[in-house]
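Number of protein chains: 2
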Amino acid sequence: MSQHYLDPVINPRTVAVIGASKSPLKRGNRAIRTLASANYKGTILPIHPSDDEILGYKAYPSVAAVPFDIDLALVCTAAATVPDILEECGRKGVKGAVLLAGGFSEASEEGRVLEERAVAVAKRYGVRLIGPNTSGMFSARMGCNASGWFNVPTGPLALLSNSANVLLSLVAEFQFQANTGISTMLSVGNQADIQFHEYLDYLGTDDATRAALFYVEGFKNGPAFIETARKVAPAKPIVMYVAGRSDAGKGAAKSHSGSLAGDYAVSRGVLQQAGVVMVGQSDHMYPVADALSLFPVMKGRRVAVVSEGGGPITMAAEALAANGLVLAQLSAETQAKIHAVVPAASAISNPVDAGGGTDPRVEYYGPISKAILEDPNIDALLLVGYFGGYTTRYDDSVAEAEQAVCRELGELMHKHGKPVIVQTHFANFKPSSLAVLREAGVPFHRHIEVAVQCLAAAADYGRARERLLASAGADQALAPRAHAEALIQAARKQGRDLLETESREILGEYGIQVPPSVLMRTDGDAAAAIGKLGAAPLAVKIVSKDILHKSEAGGVKLNVTGEQALRAAFAEIKANAARYDAGAEVTGALATPMAARGVELIIGVTQDPQYGKVIMFGLGGIFVEVIRDVAFRSLPLKEADAREMIAELRYASVLDGVRGAAAADKEALVDLLMKVSQVATAHPDLAEIDLNPVILHDKGYSVVDARMIVAPAS
Amino acid sequence: MSQHYLDPVINPRTVAVIGASKSPLKRGNRAIRTLASANYKGTILPIHPSDDEILGYKAYPSVAAVPFDIDLALVCTAAATVPDILEECGRKGVKGAVLLAGGFSEASEEGRVLEERAVAVAKRYGVRLIGPNTSGMFSARMGCNASGWFNVPTGPLALLSNSANVLLSLVAEFQFQANTGISTMLSVGNQADIQFHEYLDYLGTDDATRAALFYVEGFKNGPAFIETARKVAPAKPIVMYVAGRSDAGKGAAKSHSGSLAGDYAVSRGVLQQAGVVMVGQSDHMYPVADALSLFPVMKGRRVAVVSEGGGPITMAAEALAANGLVLAQLSAETQAKIHAVVPAASAISNPVDAGGGTDPRVEYYGPISKAILEDPNIDALLLVGYFGGYTTRYDDSVAEAEQAVCRELGELMHKHGKPVIVQTHFANFKPSSLAVLREAGVPFHRHIEVAVQCLAAAADYGRARERLLASAGADQALAPRAHAEALIQAARKQGRDLLETESREILGEYGIQVPPSVLMRTDGDAAAAIGKLGAAPLAVKIVSKDILHKSEAGGVKLNVTGEQALRAAFAEIKANAARYDAGAEVTGALATPMAARGVELIIGVTQDPQYGKVIMFGLGGIFVEVIRDVAFRSLPLKEADAREMIAELRYASVLDGVRGAAAADKEALVDLLMKVSQVATAHPDLAEIDLNPVILHDKGYSVVDARMIVAPAS
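Just so you know, the protein sequences line up as chains A and B, in that order. Taking my numbering, the leading residue of the first sequence gets 1, the next gets one more, and so forth. Taking my numbering, the leading residue of the second sequence gets 1, the next gets one more, and so forth.
Rather than coming from a laboratory, the hints here were simulated on the basis of the structure. Hints may be right or wrong, so weigh each one.
One copy or two, it doesn't matter: identical chains are merged, so the pair holds either way.
Stated by the list, open to error - With a straight-line cut-off of 30 Å between C-alpha atoms, the simulated BS3-like cross-links for lysine-lysine are:
#1 K231 <-> K675
#2 K370 <-> K254
#3 K26 <-> K92
#4 K236 <-> K26
#5 K123 <-> K666
#6 K430 <-> K26
#7 K337 <-> K254
#8 K58 <-> K236
#9 K430 <-> K638
#10 K123 <-> K299
#11 K58 <-> K532
#12 K22 <-> K236
#13 K220 <-> K41
#14 K415 <-> K58
#15 K231 <-> K370
#16 K231 <-> K699
#17 K254 <-> K666
#18 K638 <-> K92
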């Protein structure tokens, strides 16, 4: 693999410390000490106007004075100095700079202007910037610890964060657990130049990184991140905490990093679509990222639980169910194998309670785990209770037997390609067997819910990965239909949105089933309408570029039957519209058959401020208005995305038929979602689509109302 | 306070170890060693057929041979020996026995019979039993460690559990945290004699216990537990993990302890009503119980957050919002005080970000916390980030300043009666300040979500406590109305449920508004019905003791207007009923006006297998059928319970008016719930009440359908 363009910045062979200092309280002193403490493999170049040497390193009066190439400048000086320093760096050909100072766009308008100036200078010379307002970075390959913190453990996880404080919390967790470490750590600061997606793109090429963990308050370029994530995720799990689930959280994020966290439902939808594993709690970040860096890819959601006590099994069962994981029944063959090991076990079908009646024996765990992992009904194994801490629970006489099982669990995990994870009450005491277990590649945790969270994340990742691999490259055809584009451009020229009649035409162009309709322009058209649409009850709706809210304007009549009633309805609608807005230009009224009964849905395309065009789908009526049971995805949609959107609804069961209704036609719904995606993707100037409601029948669907909004002509 | 009747059993002055042994592998040996290791203050009496001395204690050949009184027998022998041993204990006047052996009702039918025999013997002599199938007990007052585990830390928390394994997990947590300890620990086993509620009653009288923590798979006497909890909870927080949220969890609990976990929604409703604080994760059990044992009573849900970094603040804001806690705005006065301390702070209105721009200083935390806790807008304070670990983050030079703040936080917490809790990234390293913080009574945790969980539990507890104290003793009048009781007893005698007409009469007897109606027995009654009910559209429903499902039988006609239509509807209903069930005895048909529009509700009373009669209330239609948005309470209901039931619905906002509807009449709903509770409480033989639907209007309500089922006559 050829070297990534950010490689010299993240793994610099030379670091110039600008603002280097002999005073131990200064950042420019600490910077040198942390670099030295991590055994930096490159050259440390203190830059100081007068000192020849700082902390034992030869110092230079300026970057220009350094007699060889500089990869990275670690800028420890105040904000105001930065543009000039970057100018010097640029002239010297420095490849990247870490800007530690705050006081830029996060602080004030003056700061924003200063940041713009700094970025302009950097761009002119091609100096790439980390920050400003960053606590720094760490990368293990060169031992480049420019984070200002000591003792950063080295290992396979990359950390990226909008918050230095969150990074420090994670580093503390690595230090306490002492089981794994960090390949690259980036406090992204204001992302004035390099943003999350470029860092991720680099990590995709970094052999030392097996998984990446993000704390995100907001993306500066959401679509680019999505695109990069889709590319990287199948090879490397991306675990992310995203702020913005609550108004309180959004407010705090905005106040902190100036980020617009946006709608969390949108973030979740589009990021999961791109293969990102979302975590909702800070205490799940480390465990989930760590587990995903160790686990083989999980193929389904069926978990087996083994313990020597019913209480932890019960708690595990609750936690699994809460996370959509399934306690699948073990095969008769597996049960027979387990019975042979522990004839007195109180449960063997899954969960397996290897205690019960007798004192448990650690030797049981090997053959039981083997039998379970050989069972095709099972995708992962969770041990809960004492295991891993038998030496603490009993004494050292069981150490050898327990450690043999630990090694066997690791071998079984890799042989069968199924995650194994251990919850043990004694985790915090770090009994000797747990070191052996980790050595074998099996993660362990103190708490059941955390271990279950790791499995749920592994299952989510496995499914997303499979979807991404299966649908890679298979984007739908995007050629716009000429007539549809003409309608859109005509409306834009006239500075108006599309009429419902036009929206229906556009949908029809892409094969979306639109109910028959007649646009009545004069009273005389009523007869023709009845001639075409028949004696069934009709809906009649005003068509006017000036009337957006048709019902509010008295512009809708329902259940209109026969020519006489249709004429009357048309007249009344026109009269209402004139009363509502005397100046409104009325094209006519649209008559269309009332939709048959079915499940009310809403499908829309909107412009998200972070991610660009996204499609929204949900159950209609109170489900959208009260419950907001909706799913989002970025465009274009793949068929598997459409299916996951449907499955993701909390009350998706409504589609299977409730209150005596027949099951709704999900295949037709998938087709409709895909075609709406096509329409939106094919026409960049179509800003919004709103199909509300759509009625999904047991066979097919009815688009009852269709509204489209165009992007303003520039 | 006089001594509790269980006191001699839980704090025995003498313990006879039955099955005492010199072999270190035997439970009867370990039992003596654990008692001795906890410095048991009473007398250990090994019982052994031949040995004179075991582990240095004088042994006796039988309990009868012991020359003084025995409080407790610790029975380490096999199940089959237990009845005879209890016989001996009974004769000797032993007050209680711990039955360690398994192999009783949890194991087999033979075991169940054996358990019954043992209980019968014990009851004859008044020997109270802990277990069987228990891992034992621990009580700190006498140092009576009969748990079989060493090093059980002593402190203010009581632990009670259906699972010994869960107890051991909690003991490990106490040992690792080393901050608090256990007053009494009980592995309740099969609860063959003493059950959860009697243990709780004892704990209510135990001065050493400040809070009680339960793991429950099922109650044997739910109503007794509820009654005891109501009594104890206002003085001592009761924290509980209850199994049964999922089918998987119910299955595991049943397989483990044979418990019928029942409907979790019912458990949650009735236990919270009784003042119990529910936790849903195993990793919240210890922190929440510990925090509630330390905190002053929290008076509201308004929390202030202080940190020196925006990331942890954002995460705290998310976690608070997820738990219904509010980041209330600090008063202008408080903000001015904070501004005076940290002029450069990036946020001071709440959350308070004391960092931002400058390096944070630990001295800031004292005056900021003081200002916040003096603010009447705030009920509790949460610190997140570095605080508590400044010595780890920086160095020991800040230790003195940090520890002064720790002491001040404890003083402020108690002075203002507002909980204070600290989340610190460095908790696991146990820096010196955290010991000072604990000493001052302030809990700390490693993770934000755990700290927030403690505050949410404190707010829940504070509200429940206030409700229990306010409504103590104010039970509603329970005198049954004679006519209602007569209708119920007549139906019971006839072995049938109540007719809808009778159900409506009973509701009317208690002042529940029932729409006017006419029972038509013959065609001629149609005219009278129209005369009484008028020309408005009517609902017409079959009245027959033999037809339960009226709609299914074609026994319901809606929107019937005028006499002619009413006659036709009556005829059709009768014909349909005859076709549906030719043998059905038809009383007639009930005509009643169609209900006006409003919010559809469902109110019911059912017999819960664990808790007895409970009332259920929820939103109707899809809300109950798809979403199951319902709340449960035990009877009788207090007004505050009714209000909490309404507030507890996930989609309670529907009652405030959605889709343009007016707000529904919540006061009328409260009145209706209270009256339904009265009906159910006044008539013990009324087994079920089902008002479905009830339509709640902007003024008043309409009970559209009322069904009542009587208890079978014995």
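Unmet hints by their number, sorted upward, for this structure: 4, 5, 8, 9, 10, 11, 12, 13, 14, 15, 16, 17 and 18
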